[in-house]
Amino acid sequence: MWKKTLATISSMVLVFGLAVGCAKGNQQGGGAAGGKLTAVGSTAMQPLVEEAANQFMAQNPGTQITVQGGGSGAGLSAVLNGSADIGNSDLFAEEKKKDPTKMVDHRVFVVGMAPVVNPKVGIDNLTQQQLVDIFTGKIKNWREVGGPDQKIVLVNRPENSGTRATFVKYALNGANEYRGKDSIVQDSSGTVRKIVAETPGAIGYLAFSYFDKSIKPVKLDGVEPTNENVYTNKWKVWAYEHMYTNADGKNKELEEKFINFILTPEVQKNLVEKMGYIPMTEMKVERDAQGNVKNKK
Amino acid sequence: MENRATSEWANQLLRPDKKQRRLELQGRLMTLISAWVIILTLFSLLYFIASKGISTFLFDGVSLSQFFSGKWAPAGTPPSFGTLPFILGSFMVTVLAAVISAPLGIGAAIYMTEIAPSWGKKILQPVIELLVGIPSVVYGFVGLTVIVPFLRDVTGGPGFSLLAGVLVLSVMILPTITSIAVDTLQSIPRSMREASYALGATRWQTISRVLVRTSLPGLMTGVVLGMARAFGEALAVQMVIGNTDTMPTNLIQPISTLTSVITLHMGDTVPGTVYNDVLWSMALILLLMTLVFIVLIRWMTRRGES
Chain C
835 MWKKTLATIS
845 SMVLVFGLAV
855 GCAKGNQQGG
865 GAAGGKLTAV
875 GSTAMQPLVE
885 EAANQFMAQN
895 PGTQITVQGG
905 GSGAGLSAVL
915 NGSADIGNSD
925 LFAEEKKKDP
935 TKMVDHRVFV
945 VGMAPVVNPK
955 VGIDNLTQQQ
965 LVDIFTGKIK
975 NWREVGGPDQ
985 KIVLVNRPEN
995 SGTRATFVKY
1005 ALNGANEYRG
1015 KDSIVQDSSG
1025 TVRKIVAETP
1035 GAIGYLAFSY
1045 FDKSIKPVKL
1055 DGVEPTNENV
1065 YTNKWKVWAY
1075 EHMYTNADGK
1085 NKELEEKFIN
1095 FILTPEVQKN
1105 LVEKMGYIPM
1115 TEMKVERDAQ
1125 GNVKNKK
Chain G
8 MENRATSEWA
18 NQLLRPDKKQ
28 RRLELQGRLM
38 TLISAWVIIL
48 TLFSLLYFIA
58 SKGISTFLFD
68 GVSLSQFFSG
78 KWAPAGTPPS
88 FGTLPFILGS
98 FMVTVLAAVI
108 SAPLGIGAAI
118 YMTEIAPSWG
128 KKILQPVIEL
138 LVGIPSVVYG
148 FVGLTVIVPF
158 LRDVTGGPGF
168 SLLAGVLVLS
178 VMILPTITSI
188 AVDTLQSIPR
198 SMREASYALG
208 ATRWQTISRV
218 LVRTSLPGLM
228 TGVVLGMARA
238 FGEALAVQMV
248 IGNTDTMPTN
258 LIQPISTLTS
268 VITLHMGDTV
278 PGTVYNDVLW
288 SMALILLLMT
298 LVFIVLIRWM
308 TRRGES
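Chains as they are written, first to last, in the numbering used here: chain C, 835 to 1131; chain G, 8 to 313.
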């Protein structure tokens, strides 16, 4: 009895091993453009880049793309010191005080951001001045902007977060560093959404890709935070998602192939839009590191 | 017959066996290598954190008085890197968690070993082992979904607070304190209990005057170990404490700890900048505090032995 089971198991292992071995052999034979690539950086970009990497690997057997988080700063540093091939960043390298001449900037998609409030607050439009006053702590109660008599709870991001940098620059007009005394600071977008959804009187800010029914996006001066409004810069709070590569990287060919894959209309139209981001192909305007906007040619 | 067998055995044991000697040498080599790997890892870790942490003061020109001040404005002009609120936050969370956990843990241990040794242990032991195995992100999430809303309803603040951190941490360090207390209480010789009963002491008197007093160094070791864990815990605390850079002045206000600041900011800062170095200096403080905790434990156990 025992011997029989043992024999069955060992033969199964053998067959399985052979199958795996064959598959491996095939893969090595077929995939001419093999190679390894690491992309490190912005956690906001991570889910999309991961999904794109999976599709890319399926189409190009033999390639191995590893996607890691760690933050925009970490991504840029990793590219500079060569520990990663691609650095994902929410910000221009200039904004992170990094020397941009050693890196090549690839803008792969756009992300829109908007203030979000707890649905029970019942506010759906603010003027930009009101928003600035709320985040600088001048307005402390929702009553002052036409809401219920309720204390405002600010949900912030850490000082160096990419989302925060964009929000401060374009939604708060770069307003004086805000410091709400009784505000909450949290860095993961998922947690921010949960806190805003559950805390009475809470206001925070999120990328469009994190919108759902549990929170309420706020219009600014009557402009709704939608993809269409970002295309024309009518909604100003948006940022490019960058993939930086080292100017003299070792994996240039594969890097370019992967980044061009993300820029193909297929990926932009399907994956990028599906995950709540904004395709580069739809943008009618261009913006540089200094924030100057001009129409795309 | 029997004698001959024994002498053969003795011969075999006394004869230097080549194979055994080689085995012995191999074993010795292996343990030696492991020990050195651990020592080297530890020292390189110490060196790494210390060198990064010290560069804040040596190269970035941040003075010690500024580092221990209360003004945290890393993005301000000029930037200011006062970490006192976080140091105080870490200490307050740790001490308060220990204040809640120590009596509970020691009480549970006494119950398990002295009052209901058979079924008390049968139920409590697995529960405590289970508590150790739960990952800290789960504690944090439970804190975020249960404790924070509860505190918000009761105290009226945002809910994210020093108190929320204390409650989450006290549950997390409870198993550490309890299991060490159980070990200590079990190691007390039976004769001591019997002597106490023989003198006419009640069970309560035996527990409070004899058992707890003799095992005090061991119990305190458990508490300090729990505190060390609380001091270094990052994720669960970060989720419920609010992470504001305000001085911890009351229980229901959001604050920060050293660990929560480090985890929140490390990913977004660029290595080599002052901001990043300051975070490493905070890590150095954490490391030094851990060393203090270890020294404290050694001192207490030695006092217990003498």
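It is worth saying that the hints were derived from the structure and are not from the lab.
Quick reminder that beta carbons are idealized off the backbone N, C-alpha and C, glycines included.
Possibly wrong hints are sitting among the right ones.
Stated by the list, open to error - Away from chain C, derived, C-beta distances all over 12 Å, residues of chain G:
id, residue
1, N18
2, V155
3, F167
4, S168
5, G225
6, M246
7, P278
What the hints assert, rightly or not - As a list, the in silico BS3-like pairs of lysine-lysine whose alpha-carbon atoms are at most 25 Å apart:
id, chain 1, residue 1, chain 2, residue 2
8, C, K1050, C, K1086
9, C, K936, C, K1084
10, C, K974, G, K129
11, C, K870, C, K972
12, C, K936, C, K1053
13, G, K129, C, K972
14, C, K1128, C, K870
15, C, K1053, C, K1091
16, G, K128, C, K1003
Right, here's what the structure says about each hint:
| no. | hint | in the structure |
| --- | --- | --- |
| 1 | N18 | holds, 40 Å |
| 2 | V155 | violated, 8 Å |
| 3 | F167 | violated, 5 Å |
| 4 | S168 | violated, 10 Å |
| 5 | G225 | holds, 39 Å |
| 6 | M246 | violated, 7 Å |
| 7 | P278 | violated, 5 Å |
| 8 | C/K1050 x C/K1086 | violated, 43 Å |
| 9 | C/K936 x C/K1084 | holds, 14 Å |
| 10 | C/K974 x G/K129 | violated, 54 Å |
| 11 | C/K870 x C/K972 | violated, 52 Å |
| 12 | C/K936 x C/K1053 | violated, 39 Å |
| 13 | G/K129 x C/K972 | violated, 58 Å |
| 14 | C/K1128 x C/K870 | violated, 37 Å |
| 15 | C/K1053 x C/K1091 | violated, 39 Å |
| 16 | G/K128 x C/K1003 | violated, 60 Å |
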